[in-house]
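Position chain B relative to chain A; hints supplied.
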Amino acid sequence: MLIFELSRPGRRNPAQAPAAPGGECAIPPQYLRAAPPALPEVSELDAVRHYTALSQKNYSIDTHFYPLGSCTMKYNPRACNHLAMLSEFLARHPDAPDDTGQGFLACMFELQEMLRDVTGMAAVSLAPMAGAQGEFTGVAMIRAFHDSRGDTARREILVPDAAHGTNPATAVMCGYTVREIATDSDGNVELAALKAAVGPQTAGLMLTNPSTLGVFEKHILDIEKIVHDAGGMLYYDGANLNAILGKVKPGDMGFDAIHINLHKTFSTPHGGGGPGAGPVGVSRKLVPFLPLQVVGQVKDEYRLLGERDLPLSIGRLAAHMGNAGVLLRAYVYMRLIGREGMQRVADFSTLNANYLMAELKRAGFDIAFPTRRASHEFVVTLKKLKEETGVTAMDVAKRLLDKGFHAPTTYFPQLVPECLLIEPTETESKQTLDAFVAAMKEILEEARTQPEVVKTAPHTTPVRRLDEVRAARELDLAWKKPA
Amino acid sequence: MPFIPHTEEDIRAMLKAIGVGSIEQLFDEIPASLRNDRLENVPSAMNEMDITRLMSERAAHDGTYLNFIGAGAYEHHIPAAVWQIATRGEFYSAYTPYQAEASQGTLQVLYEYQSMMASLTAMDVTNASLYDGASALAEAVLMAVRTHKGAKRVLLPLSVHPVWRRVVKTIVRNQGIELVDVPYCAEAGHILPDALAQFKGQEIAALVVPQPNFFGVLEPADELTDWAHANNALLIAAVNPLALAILKPPGAWGAMGADIAVGDGQPLGIPLASGGPYFGFLACRKSLLRQLPGRLVGATVDTEGKPGYVLTLQAREQHIRRSRATSNICTNQGLMVTAATIYMALLGPDGLARAARASHTNALALLKDLTAIEGVERAFNGPVFHEFVLRLKTPLALLLKALKAQGILGGLNLAQDHPELGQSLLVCATETKTAEDLRRYTENMARIVGKHFRTAPCALKPSPNKF
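Residue numbers (our numbering), protein chains in the order written: chain A, 68 to 550; chain B, 1017 to 1483.
Just chain A, same shape as in the assembly (with noise of 0.2 Å):
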């Protein structure tokens, strides 16, 4: 049922909207509307009860176990969401005086120098509103850096293979060219690869690490001598900060600019798909072209940077200072986990995939990179039983849903066949891994022994498998009023 379908001509809620003015309305005839929009009308508990439906129809982490690779699901902590929406907060307009905001610029002052340590990075700008724009970002201020020299020849941007989309997308964004290096067969960029890519036409190289295969980068420090020695910078996709946490900083391993998935890493919500936050940092070269606006510190005042501060800022990325709820957020994560949390996520995130990875393979399930260390994710691959048996990675994820569990990130990698790539954070009980391990037990006795039931799956959820070509084919992306 849609909420149209509920809506009855002339019903109201005169308790949430203003009287109806009086008055002349000075607006011109031409310039107004002819016909009303076609909103719903419905009453209040109408739309109280067809939302809460709706919002029970979702799997989500407040009610299920949810190990999406790369997505780093852990546990929102309500203080943070109630914290941050303290009336003063909301209320605050986002041109008001600097001086009527101390309050929330201290926090955000606090959390960029929180953000600048725990990734060794020379400066910390908040403005990026999610990860694809630190990206963007990230790109656009090596693009500057390497302008400002008047070096106009570097014009590639590299990427392993197993990269997000993004990556590419965003070098495309920043008039770049992009080209892949290989990956070999232990998980790491191929060196021979890298090597033989490099050049002066090399702008820089964008690496996550781990990697979204679930491994640390083994050649780090070599990579960043073969990037930098060609002249290139490195940027640090930060999706997998999570798993490395108070252990490494992504400074010291070289990177001159990175964004940090604050809905990943700092556990602000992911909302249905947003909305994230995506802060950069630098190294001292790229600190002038930080994006605006930072929060600065001007003797006993906190004010916001703009153009005249940063003349060379490769700009401004949002009407306001990106995600400011989202970051208060944050704020509040990190100090209710502290110094003395911040390595536990790493410690325990690591624990986790690792001990579901040993389970899982106990129970039979190939892992991707046998030999290496899970870091806070691991791919399982199921080529072989899709071979044995037919079923996919597809029909196992749809299995899982009917187990109660949000299914693991499915086919990324893309370099890996039939893949899941699972994380299980650090918020999550053994027990619960368990159960999960005995989820996963269960499909793979029933793909050998019942595979129809398997590959029909989901059979519990409120919809059955939706027919994804129809939906594309005849394109229906808005309610119409029957005729």
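Each hint should be verified, as a subset may be incorrect.
Claimed, not checked - Chain A regions said to be covered by chain B (calculated; three or more residues, Cβ under 8 Å):
hint : segment
1    : 84 to 92
2    : 191 to 199
3    : 250 to 263
4    : 295 to 304
5    : 397 to 408
Rather than coming from a laboratory, the hints here were simulated on the basis of the structure.
Ideal placement from N, C-alpha and C gives every residue a C-beta, glycine not left out.
The following block gives chain B in isolation, referenced to the frame of chain A:
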């Protein structure tokens, strides 16, 4: 350990199962020279009671003001149900609906959102949202250039929000796109169709038209749209969605309607919150669909014929197309859109129109009262929605400081972005302002303007101190 449930016994059993002696051993593939556990700028952990105290003190210190600043972020009443429902854990802690069968809640909300926005803008389709209005405008510019094939010049009027203009520059800078200023009429405060004559015959990918514009003034959208189409350019509308409850929607502009419509969704139930998170919307005509960036949700059926919703046309997106994607964007602002959808459902067409009309009425009343003060003039004579520009003789920094001392944020000083306007102030009044609020502003303004050369303002608000 905060948010980590492991007992000593769990840890022992897990290490044994892995076959290692310690957690530390799990990090043995990392070069020793890279290990660094020093954290000097991260304080020790606080418990929930202490952080609640700290945040409450900081929030209380910032306090609240009687706010008359708009400039792209508007104070509207948000029904209590909006955020109580939107922050339910099932919406709050879910992710992008990759597993459609386990995400029908989020997917249906997005489909309903797309339906509401398509109707509000009178456009064929909208995506599932972008980061904010300014970045949505940048994406629209890129989309127009991709569509036009040939022209890389886009007309970006000076009546567009100055920060939005800067954001567009930042985002499209490296793609060889030329952004050309279009002047506004100094008397009317909007673009004059005649001012476009200078661009006639040029290859132009798109013309951007803000409605209302940055000055709160209404643009002659019909004429501008027809001009764009007569000159083989696309028309990008940048609109306030709440205003569309009463203003002509972009899909109905001119003879053919706008080609792309964008805006910031903040007025639809999203709190001001120092600037975010908000959400951007991007709508277009059906023929441009393949160039549309961002997530899209479509209706379909399951294997039993039951209706359901999925992400669709994903072949446009980065996780499939990589370097050939329409954009690097990989999320929307899901939670913000959830709130906006609930907001629009609660208000309905009548409630939304009332909020828009009441804002308009309040703004007109305030404009009338303020311009009755000697030394306060209306800067432009074009029609306005809920925001207007005043020209004053009083030094603005002093005036705003004096108002602030009385707990009033009097508007946005345009000196920095529009020095050509002299001492000008952009003022907004929405439906949240009572007659008493308007009177308080007007009286303080009259007092300060009347005596600004004689006495310094008295400070009622405490001056900020350091944390």
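If you test the structure against every hint from before, which numbers come out violated? 3, 4
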